[in-house]
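Number of protein chains: 2
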Amino acid sequence: MGHGGGGALSAELVEHIFAPAFGGETLAQLGDSAAVTLAGARLAFSTDSYVVRPLFFPGGSIGDLAVNGTVNDLAMRGARAAYLSCGFILEEGVEMSVVARVAEALGAAARAAGVEVATGDTKVVESGHGDGVFLNTAGIGLIPPGVDLRPQRVVPGDVVVVSGDIGVHGVAIMSVREGLEFGVEIESDCAALGELVDAMLAVTPDLHVLRDPTRGGLAAALNEIATASGTGIVIQERAVPVPPGVANACAILGLDPMYVANEGKLVAFVPREHADAVLGAMRSHRLGANAAVIGEVVADHPTMVVARTGLGGTRVVDLPIGEQLPRIC
Amino acid sequence: MGHGGGGALSAELVEHIFAPAFGGETLAQLGDSAAVTLAGARLAFSTDSYVVRPLFFPGGSIGDLAVNGTVNDLAMRGARAAYLSCGFILEEGVEMSVVARVAEALGAAARAAGVEVATGDTKVVESGHGDGVFLNTAGIGLIPPGVDLRPQRVVPGDVVVVSGDIGVHGVAIMSVREGLEFGVEIESDCAALGELVDAMLAVTPDLHVLRDPTRGGLAAALNEIATASGTGIVIQERAVPVPPGVANACAILGLDPMYVANEGKLVAFVPREHADAVLGAMRSHRLGANAAVIGEVVADHPTMVVARTGLGGTRVVDLPIGEQLPRIC
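Protein chains in written order, with the UniProt record's numbering: chain L, 1 to 329; chain H, 1 to 329.
In isolation and in its complexed conformation, chain L is listed as follows (with noise of 0.2 Å):
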């Protein structure tokens, strides 16, 4: 199960079976998506699969998910989504009506992001074979003239920015799945990012780079950037924010915030004299209301993540192993 929970074992799987089998240039550079040119244009180009259990949790869909997921990772290269494509993988005996609401809540967000769903499949297989619904989605948009967002950009001096509150989208997911209760009903965060994006794109087009922060959470996402840039991120924990519902639920549970995945948040390397007014678009849009500034990119530590504690230590946050939580997306 870990090999697809996004941490250290993904990585292996994609560095020692995938890249070489595939061998192209443009899989190796391993952002959220491929940035491609074609007709001399520079397209944006990604997939995902979605097998969240259960289909339907607080807050969305895996309708939901697999347009917004998608969207999501076309976003974090600057590109606003154009067109999805959209596959289904039907287990036999999966109620229509199911997959009748899967598609609406699919064609809604897809709505809602501005992006068109422009060819589609289906495939069944026999039941026990595959599990109700999965959905791959995958997308094309374009990339914004001197828009360039990829790790290597990133420098010491850079400032780290975060959307929003993080850890609500795995913590929904685990209320449902597991039956718990936290006092109070947490939603996913699910949403579509390429408004918020673009709001900053208009402060500058200088961004040096956006990881939406999915399966292996915002730990996963800075260990990655600090990896392919060579740097060292250094994070004040009592900068990151995180809702007390989330808390409550983390320290129950025994996880780690840092480490639980999200769906409508991102995390942004932006050079120091933008920091500021980067910071205020994101604040006026409604997806980024709570952003903050939670770091920032040294020369020390290269490729190391370490987290300033709340009583003044230090501790080194790694990448995960695996995921915390299967199929949350």
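Calculated directly from the structure, the hints in this document are not laboratory data. Bear in mind the structure is a predicted one, so any value in this text is a computation, not a measurement. Be aware that one or more of the hints could be misleading.
Claimed, not checked - The following residues of chain L were derived to be distant from chain H, with all beta-carbon distances above 10 Å: (1) ARG150; (2) GLU296; (3) ALA299; (4) MET304; (5) THR314.
Claimed, not checked - According to the in silico footprint, chain L covers these stretches of chain H (three or more CB under 8 Å from chain L): (6) 73-87; (7) 100-113; (8) 117-129.
Even glycine gets a Cβ: it sits at the ideal position worked out from N, Cα and C.
Knowing the structure of chain L, use the given hints to seat chain H on it.
Relative to the frame of chain L, chain H by itself:
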């Protein structure tokens, strides 16, 4: 199971559930791939999921299918595939060596087809909730200027050409799945058709429509075109190239080769004045060596496909309800 078979039940699912839910104009075109406009360029965009059993079969594997299937969907718009995405859904416990073999087959097929695997994703589901390896690929490619392949362009007088022997892929899968022996081993015809299509378009960009007759076979492809164009199609049954091994296997199993899936064949609707030249170009390519004219488009019996039998009779070739053999691709 029938809803995944590419026949009437699949069409119902798309018409009554997916198209209304997604609501886009592009999806409503319902071709093998969508034609979309981005940055002023016309792109073909397509996706398919692959759930074939077994993963490896005579003449190919799920990795070959995942490349060639999507490359061919783009080729049916006249586009050479430029980039592919690739999503793996792995079942917990699948041997890593199997995943590696699939990835290597996929990489080799991509290199053979001249397409780059640019982006990917892996999910893992618990044992008993998947079936070894499911794959999804999506692809993008440029549609050359002047090329406009769609069933609405088909008119009475058009000549119907197939690129070679039909029914081979389906029988190859059936022979290994059911443990049947038909005297000779039949290998899948799985192949990428981009180069063959380029050779045809070099004769004239004015082909009317191309279709690769996969699930539901030649019968489903012809019925889709008859319905979308509002024309009638007449096939000369004796002109349809069916190799003896396929004919024997179908006779034993009570199947009609017209309904058996192909993975390296196409059917073309060609203006009569270009038919000889296009047929010549096809026969000059190794994947079209056995190309044949099998029929023509008529003004009679609109939306209906009929076959003239060897005995001088006529039979209606219906749209199949589902697929005779599930999980062939």
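| message | At 10 Å, judged by beta carbons, does L:ARG150 keep clear of chain H as stated? | response | 14 Å, holds
| said: Beyond 10 Å on every Cβ pair: is that true for L:MET304 relative to chain H? | reply: It holds; L:MET304 is separated from chain H by about 26 Å at its closest Cβ, greater than 10 Å.
| Do at least three Cβ atoms from the segment 73-87 of chain H come closer than 8 Å to Cβ atoms of chain L? | holds (count 5)
| message | Closer than 8 Å Cβ to Cβ for three or more residues is the test here. Does the segment 117-129 of chain H pass it with chain L? | response | It holds: at least three residues are needed, and the segment 117-129 of chain H offers 12 whose Cβ sits within less than 8 Å of chain L.
| Taking C-beta pairs only, is L:THR314 more than 10 Å away from all of chain H? | 33 Å, holds
| query | Are three or more residues of the segment 100-113 of chain H within 8 Å, CB to CB, of chain L? | reply | holds (count 7)
| Claimed clearance of chain H by L:ALA299, with the beta carbon kept past 10 Å | About 31 Å separates L:ALA299 from the closest Cβ of chain H, which puts it past 10 Å; holds.
| query | Is it correct that the beta-carbon of L:GLU296 has no partner in chain H closer than or equal to 10 Å? | reply | 30 Å, holds
Hint compliance for this structure: no hint is broken.
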